[in-house]
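Asks: The listed protein sequences derive, respectively, from chains D and V. Residue numbers for the first sequence follow the working numbering, beginning at 2 and rising by one. Residue numbers for the second sequence follow the working numbering, beginning at 3 and rising by one.
No lab work stands behind these hints: they were computed from the structure. Computed from a predicted model, the values in this text were never measured in an experiment. You may find that some hints are simply not true.
A few chain V residues that don't get close to chain D, going by computed Cβ distances all over 12 Å [to be verified]:
| hint | residue |
| --- | --- |
| 1 | N47 |
| 2 | D77 |
| 3 | L86 |
| 4 | P141 |
With the Cβ distance kept under 10 Å, some of the chain V side facing chain D (calculated, not the full set) [as the list claims (entries may be wrong)]:
| hint | residue |
| --- | --- |
| 5 | R18 |
| 6 | T26 |
| 7 | R28 |
| 8 | P42 |
| 9 | P49 |
| 10 | V53 |
| 11 | A54 |
| 12 | I122 |
| 13 | F134 |
| 14 | L195 |
So the derived list for chain V, only partly shown, Cβ under 10 Å to chain D, looks like this [claimed, not checked]:
| hint | residue |
| --- | --- |
| 15 | T17 |
| 16 | E41 |
| 17 | G123 |
| 18 | Q127 |
| 19 | K129 |
| 20 | G130 |
Note that beta-carbon positions come from the ideal geometry of N, C-alpha and C, so glycine has one too.
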Amino acid sequence: VTTYNQDFAGGAGALGAGDSITQMHGTQTINRDGAGHGQLSAAPVDLLDVDVFIVGSYGADQMVMFDVSTWIPNGSVNLLSRINTPGVSNNAYKAYFDDSSFTGGGVAWGTLTIGKNVGGSFSQFGSAIDIRTNPITTGDAVWMKVTGASPATIEVYRRRAGVDVLLGTRTDSTYSGGNLGFGLWWDGVGARQQIDNVVAADIPSAYVAPPTRMAPQQRFG
Amino acid sequence: VKRYFLVPAVVVNGTRGPKYFTLTVRHQMVPGTVLAQWEPIDFGNEPSILVATDISDAESATLAGMADVTKFADDLDTPLGGRLAAMQAALEALNLPAQMLTAATPDRTIVRGIMVIFNIGQCMQGKGFNIFAPGITLPTTMGSLSAAARTALTDCVDSFGYDRAGITLASTVRDLLTKLATQTPPRVPATSLFAGV
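Produce the complete structure using the sequences and hints provided.
Replies: Here is the structure:
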């Protein structure tokens, strides 16, 4: 079992040598601000997602989680799992949140979309999911669990005050083991979308809750 | 009302989904001709998607009226009857074997078979292959597939636990898909619109 913990503590500047995060595509880097949150280092050159991956020997059952440190309008975050071979094939399961698809935005994300990056396009697993009854905002954590192969089950959760709420479930029959990752999307206006405390890990197939985060000094990438 | 359709796949600004349905494209919802909630079983890299949708009578009629859409009976246990020839033509046009259908075949049998075949298509897509790569059609023999594609295809079939006994290099893709179409579709969550099919 490989567990990865990314705490963006340490003040402003580029990520440290132990922060083994690599861009999957795009031209931006994930930086950390003075408050110890991860964010885009500069305005994106376009509105493409900036996805990164976390290198690790993850099995078929895996999860990725992070805190939404600062929610902003017109921002979005991506949860990525089973990333095939970043840089060669960016195939991956992907879930992202928006405030733009359903009304009621302004303070939280109310839309969840689940699908997969495959062959250079995003294949959507059904309608966008209306999560306005369990919206995502500053201080929440979001996580995605992928289990099984035939079919794979993709579950997306919100964690608030230690309580997990299942936001959406989709299935798919594409099996591709591989890396975990996360992404940020930002329209370049105003504040920057920030996340922190990224956890990526294998999970037993029957496991529901993500593992407890390790202390920063225990992390390894 | 829960209904099932075969629709063309479209790619809108990098997002693939079923034609006529609402997509989320680059963080913006793009309304479709019909606004009903939908759930897909995609045919991998092939150009069609099986859609389960909770749809009104009016939107169902709109969708069913599209020339490139195949609607299955509201009651999936309805025998094809007089719809046999049209159904066979529609399926064969999408590289789905339909020679085994009869007037007594219920729509449920067809939908279940498509669920199996499309899941194999997804698996092939995940391995970087099409079932129907250029030059490959239903009459193509398994021996004519590239070794890599054949390995991927058999791996997909085996990973689902499907039976491919009797399929040899002389068998055709039609033979394999016909055999698969009689087997049990993959599990889906109880909340899925495909549950109970």
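Asks: Next step is simple, just say for each hint if it's right about the structure.
Replies: How the hints compare with the structure:
For V/N47, the requirement that its beta carbon stay farther than 12 Å from each beta carbon of chain D is not met, with the minimum near 7 Å. Chain D leaves V/D77 outside its interface by the beta-carbon criterion, the shortest separation being 23 Å against a cut-off of 12 Å. For V/L86, the shortest C-beta to C-beta distance to chain D comes to about 29 Å, beyond the 12 Å cut-off, and the non-interface label holds. The beta carbon of V/P141 is kept farther than 12 Å from every beta carbon of chain D, the shortest such distance being approximately 25 Å.
Interface hint at V/R18: satisfied, since its Cβ lies 4 Å from the closest Cβ of chain D, which is below the 10 Å cut-off. Against a cut-off of 10 Å between C-beta atoms, the interface hint on V/T26 holds, since the closest Cβ of chain D lies about 5 Å away. Taken as an interface hint, V/R28 checks out: its beta carbon lies about 6 Å from the nearest beta carbon of chain D, inside 10 Å. Interface restraint check for V/P42: the shortest CB-CB distance to chain D comes to about 6 Å, inside 10 Å, so the restraint holds.
At a threshold of 10 Å, the smallest CB-CB gap from V/P49 to chain D is about 13 Å, leaving the interface hint violated. Satisfaction of the interface hint for V/V53 is found here, the shortest Cβ-Cβ separation to chain D being roughly 9 Å, below the 10 Å cut-off. Because the smallest distance between the Cβ of V/A54 and any Cβ of chain D comes to about 9 Å, under 10 Å, the interface hint for this residue holds. For V/I122, the shortest C-beta to C-beta distance to chain D is roughly 8 Å, which falls under 10 Å, so the interface hint holds.
Taking 10 Å as the C-beta cut-off, the interface hint given for V/F134 is violated, the closest approach to chain D being about 15 Å. The beta carbon of V/L195 is positioned within 10 Å of a beta carbon in chain D (closest approach about 8 Å), and the interface hint is therefore held. Because the closest C-beta pair between V/T17 and chain D is about 5 Å apart, less than 10 Å, the hint holds. At a threshold of 10 Å, the smallest CB-CB gap from V/E41 to chain D is about 4 Å, leaving the interface hint in force.
For V/G123, the suggested interface contact is upheld, since its CB lies about 8 Å from the closest CB of chain D, less than 10 Å. The closest approach between the C-beta of V/Q127 and any C-beta of chain D is roughly 6 Å, which is under the 10 Å cut-off, so the hint is satisfied. Interface hint at V/K129: satisfied, since its Cβ lies 8 Å from the closest Cβ of chain D, which is below the 10 Å cut-off. With a least beta-carbon distance of about 7 Å to chain D, the hint placing V/G130 at the interface is held under the 10 Å criterion.
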